[in-house]
Structures are given as structure tokens and as C-alpha cells.
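*Asks:* One-letter residues, chain by chain:
Number of protein chains: 2
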Amino acid sequence: MATPIIECVANCSEGRNIETIHALAHAINTVKDVSLLDQHRDFDHHRCVLTFAGSSEGVAQAALELVKTSTRLIDMCQHSGQHPRIGATDVLPFIPLDDATMSQCVDLAKSVGKRIGDELEIPVFLYEEACDQSYRKSLEAIRRGGLPDLASRMESDPAWLPDFGPEHPHPTAGAIAVGARHPLIAYNIVLNTSNLAIAQAIAKVIRASSGGLPAVKALGLELKTQGLVQVSMNLTNYRNTSLHVVFEKVKEEAEQRGVSIKGSELVGLIPQEAATQAAAYDLKCDSLDSDHILESRLRHYQKDNLD
Amino acid sequence: MATPIIECVANCSEGRNIETIHALAHAINTVKDVSLLDQHRDFDHHRCVLTFAGSSEGVAQAALELVKTSTRLIDMCQHSGQHPRIGATDVLPFIPLDDATMSQCVDLAKSVGKRIGDELEIPVFLYEEACDQSYRKSLEAIRRGGLPDLASRMESDPAWLPDFGPEHPHPTAGAIAVGARHPLIAYNIVLNTSNLAIAQAIAKVIRASSGGLPAVKALGLELKTQGLVQVSMNLTNYRNTSLHVVFEKVKEEAEQRGVSIKGSELVGLIPQEAATQAAAYDLKCDSLDSDHILESRLRHYQKDNLD
Chain A
398 MATPIIECVA NCSEGRNIET IHALAHAINT VKDVSLLDQH RDFDHHRCVL
448 TFAGSSEGVA QAALELVKTS TRLIDMCQHS GQHPRIGATD VLPFIPLDDA
498 TMSQCVDLAK SVGKRIGDEL EIPVFLYEEA CDQSYRKSLE AIRRGGLPDL
548 ASRMESDPAW LPDFGPEHPH PTAGAIAVGA RHPLIAYNIV LNTSNLAIAQ
598 AIAKVIRASS GGLPAVKALG LELKTQGLVQ VSMNLTNYRN TSLHVVFEKV
648 KEEAEQRGVS IKGSELVGLI PQEAATQAAA YDLKCDSLDS DHILESRLRH
698 YQKDNLD
Chain B
398 MATPIIECVA NCSEGRNIET IHALAHAINT VKDVSLLDQH RDFDHHRCVL
448 TFAGSSEGVA QAALELVKTS TRLIDMCQHS GQHPRIGATD VLPFIPLDDA
498 TMSQCVDLAK SVGKRIGDEL EIPVFLYEEA CDQSYRKSLE AIRRGGLPDL
548 ASRMESDPAW LPDFGPEHPH PTAGAIAVGA RHPLIAYNIV LNTSNLAIAQ
598 AIAKVIRASS GGLPAVKALG LELKTQGLVQ VSMNLTNYRN TSLHVVFEKV
648 KEEAEQRGVS IKGSELVGLI PQEAATQAAA YDLKCDSLDS DHILESRLRH
698 YQKDNLD
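Top to bottom, those sequences are chains A and B. Here the numbering used here is used: the first residue of the first sequence is 398, the next is one more, and so on. Here the numbering used here is used: the first residue of the second sequence is 398, the next is one more, and so on.
In case anyone wonders, no lab produced these hints; they're calculated from the structure. Some hints here could point you the wrong way.
Repeated chains share a single entry, so a pair holds when one copy, or any two copies, can fit it.
[What the hints assert, rightly or not] Straight-line C-alpha distance at most 20 Å; calculated EDC-like pairs for lysine to aspartate or glutamate:
#, residue 1, residue 2
1, Lys659, Glu526
2, Lys511, Glu462
3, Lys601, Glu650
4, Lys659, Asp430
5, Lys534, Asp554
6, Lys601, Glu564
7, Lys511, Asp560
8, Lys507, Asp529
9, Lys646, Asp441
10, Lys507, Asp472
11, Lys648, Asp679
12, Lys681, Glu670
13, Lys648, Asp683
14, Lys507, Asp435
15, Lys601, Asp679
16, Lys646, Asp679
17, Lys681, Glu650
18, Lys601, Glu645
19, Lys614, Glu645
Produce the complete structure using the sequences and hints provided.
*Replies:* Below, the structure is given as C-alpha cells:
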């Protein structure tokens, strides 16, 4: 496989209706040369995350099919959930893997975004590497206050007109953030408490934007069905701040508040290096790195023999 | 790469002379369709471990070239080291990866073993899956007492005639154990003490053969140059007993003896699943498994698209 591989990690606003989630996955699976690598759903977030990869053309096609299906099946007027969101397909980032480049992903975000705007009549906001305007480059800026707040900014402020598509939210599908970004790790730590204020306080301490850990975004969220709360995070550069550093810091902050950690969970996939890093730390094993992972070494061997 | 891949983890009795180790690595690298995946050396063990992989024919050829080179450059009469051993190339196991089978590896061990015996005149003892006689199936049985002890058993006991080659050890290269086996993890934990009795006592507690942890072999060894000792282990089934279970147990046993752990080290490569397992344990993260490692998922995708 010498062609560049592009990954898409689509976040859709459905975490409860299994049939709908199956239909979303099916929309991706029908496209040739694309593989659905992972699906994750969360009842409390009322959200699912579909990770797929393939050629640039394949991934573009699968992304469009997914947005079509989510527009048909998900009604944002009926939606409620713990996670901030602006649309049925809420976030659609393209990520370069292997030999792919960020510039290919930026081009892809723009061409898929244009088709979503033109053909499906959903307003599209480009984000991260696909966006040139600093004030709306981050997902947090676009999603601030959720769909109602975005809708009123679109109405009242020309700086918030979408990059593609109509000037008003789609009546049921809302809006979509389409972007290009580096790989990130979506990682949640569940606390043994139902006190949301504790999760929010810890999130504030650890997030980079309030002077916490570098390359960490964090929110405190309720898990109503479990009677617990979680610190929900994105680690945007695990080489900068790794899983175990985040885990130890959240554990320490929780203990200071008299709370223990119930467990942690990944949303979607993580790079092998990130898991290896965490194992090496706990085993005090300096020699445990990607160069000592059999599959990683074999992959290089196989690449050499295919090229 | 749809052809079966076979791995060989050759252990040679040279951990000090860098030129010799380079020559051994070079012998492998000259063979087409074979890749040297890792090299590890240990001064105190006076031993190096060369991990390579490729097609059955390629790996057979590289193994022979390696044994030829070690026979030319290593003299067992001059050798001393902490690790038990019987020959210049001491252990030569073949391990099935990907689509390869154990039966292919058994055949390979026998054909390479026969050529080593016939062409290089070094006695060969088949071991593990390549050996049908239970009393000499394990490496420990063959290596008991090192080369001098094996030599006297060969002399006095017909049950200890080699599978291939001459009835007496080679004057400089000694003997070789050639086998077929499942993947294992060679893993050492270094203790903050120079007291060898402590490492030996812990090794005895944890090794499977004395009722310790399943699928664990363990020795206490001195690291003279560091003034420390280590528990040197093979984990023959990490799904049964994983890295973190071993680490925690050795830590506990060491602490009971008033000793802390300095660190741990891998010899050669480990399967990605084993590293992931250790990370998941420490992060209390049930969802962290091989199915959530990006490269692992992509590998399946790429295989599907190549087949």
C-alpha cells in the first residue's frame, strides 16, 4: 500500500439509537477502498465517533455518504446530550497517516466542505489547519454555546458566516465543522463521584488554556446513567503530554478532593507509540519504545519489501 | 506481503567486542529478503541477541551465514559470562509470524540444524517444538551446567547424542540448540542491590517451575560492571502472565527484602499486545487493547486491500 492513507474521525450526534449508528457505519462501509476502523458510542454524551481510513477519494466519498445519512436520520431539534455540539454530523476532521500530507487533508476538507454546503445545504465551518482565520480556527470557538449560540452569531455577525453552504443552520442537521488536523487522543477519566463541580475544577486545572498541561483540552461532564462524572479530554500532542502524565495529574487532583479514579476510556484509536510510552513509564523500562515493538519493526520491513 | 514471515532470535556468545557483533549483524544483512529487526548486547551476560525475519528460505540462509561467522570469530575456550550457554551461536529458534505455521518452523529448524551439523560440523540439539524427546525438549535441560556439562553428557550418555553433526563439541564453537517456538518476551528487572542471593531468591519465587507465576522462567544474575543484580526472565506466554504482573510481583518481593527496583529492560522485541496490556493496566483503561491501536487496525485494512 504505497498510496497515502487519510483518516477521518467523524463525530455524530447519536449515541443511543443503535439502528441509527448502524446506518451511519453502513454508509461508510458501502464505499470501496475505505475501511471503518473503529466505532465508539456514549449514551450520556449522546454521541458516536466513527473512525475510517482509505484513499483520499474513498474517504471523501464515505464522508459525504455519512453526512447524507446523518442528515436523514438525526434531528438536532430533538437532541440533548452532555457533549457540546452544533450538528447531526458534528465534527469531520481529516488526518494524514503514513505518506499523506497535511496539505492533502486541507484540500480534502475544503472540497468535501464545499460539496456538503452546495449539495446538502448544510453550513460548513472549516477548522484547525483548514481554517485561516485565527478567531474561529479552534473547535471550541465554533462550538461555543452549542448550535443555538452559533446560529445567533451567524445571524448577527458577518465574521461568523460559514465557509460553505447557506447562511442559516440546516433545519434538522444544524451545522458542521470540517477540518484537517494532526492525530489526537480522545481520553476520558471517570471519577468515583457524582459531583460535577469536581470534574469541572480538575478539567480547569489541567487544561492548557488555563495554564495546565501542554496540549491538553479538558471538560468536566456528567455521566447521568452511571451517577458519575468524568474529565473528558483531547490530548493534541501525546509526545508533549502523554497519557500517563495526564492520568497521574488527574489522580493527584482527584485525591486532593477526596475522590478516587474509577477508570479511564479511549474514544476511538490511539497511536501505538502513545500506548508504548505509558507502558514504559510504569515498567521503568527505557528500552520499551516503538523500535522494540515487533509489529512496528515488521511494518518497516514489509514497506521496504513492497517499495 | 502475503508470504509467511518467519522470525529468528539468535543468541550469540559475544556481548563485548563490537566488531564481532557488527560482523554477525552483517552476515544477516547480506542475505536478500531478510531484515535485521533488532540487535541487543549485554556486557555482563557477554551475549548478543539478533532478531531477524523474512521468508523461510531467506531466514534459513541468514541463520547459516550467522553460524558460519560466529564459528569463525567466537572461541568458546576464551568465553566467560554471566549467562548460561553451550556455543558460539548458542540458541537459534525459529518463530512463526503472520501466516507462518509452527510446522514450517519445525521443518526449518530440522533442515537448518542438519546443514549446521553436516557442513559446519557443530553438534546440534533440537529443542522445544522441534524436539520429540521430553527429557531434552527445554533449553534449560540442554544448557544445564553449560558446555562442559553437556560435553560430558554427550561423552557418557547415549541419550545425549546430538540430533545432527559430530558426537563431540566443536573445538571452538561448542554446540548449538536449534528450535521452533512460540514468541516469548525476554525481560530483565534490575534491582538496587549487589546481593546476588536476593535476585536468585526472587527468581525462585516467581519462576513457574517452582510454583510461581505461570509461563515465567527466571534466573538471578550479577551485573558486575554496574555493581547490581537482575532477575532475568523469559515470559513464554504474556497472555497468561503479563509484563505488569511480573513487574508488580518482583517489586513486591524486592520490597519485602528491603530492595527497590532500578528499572527494567527488554531483550529484543515484544508484541504490541504485550505493551498495550501493560499500559491498560496502569491507566485502568479496559478499552485500551490491540483493537484500539491505530497501526494495528490499519494493518488489517492494508492486508485486506492487498489480498
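*Asks:* Checking each numbered hint in turn, tell me which of them this model violates, lowest number first.
*Replies:* Structure breaks hints 1, 4, 6, 9, 10, 14 and 15.
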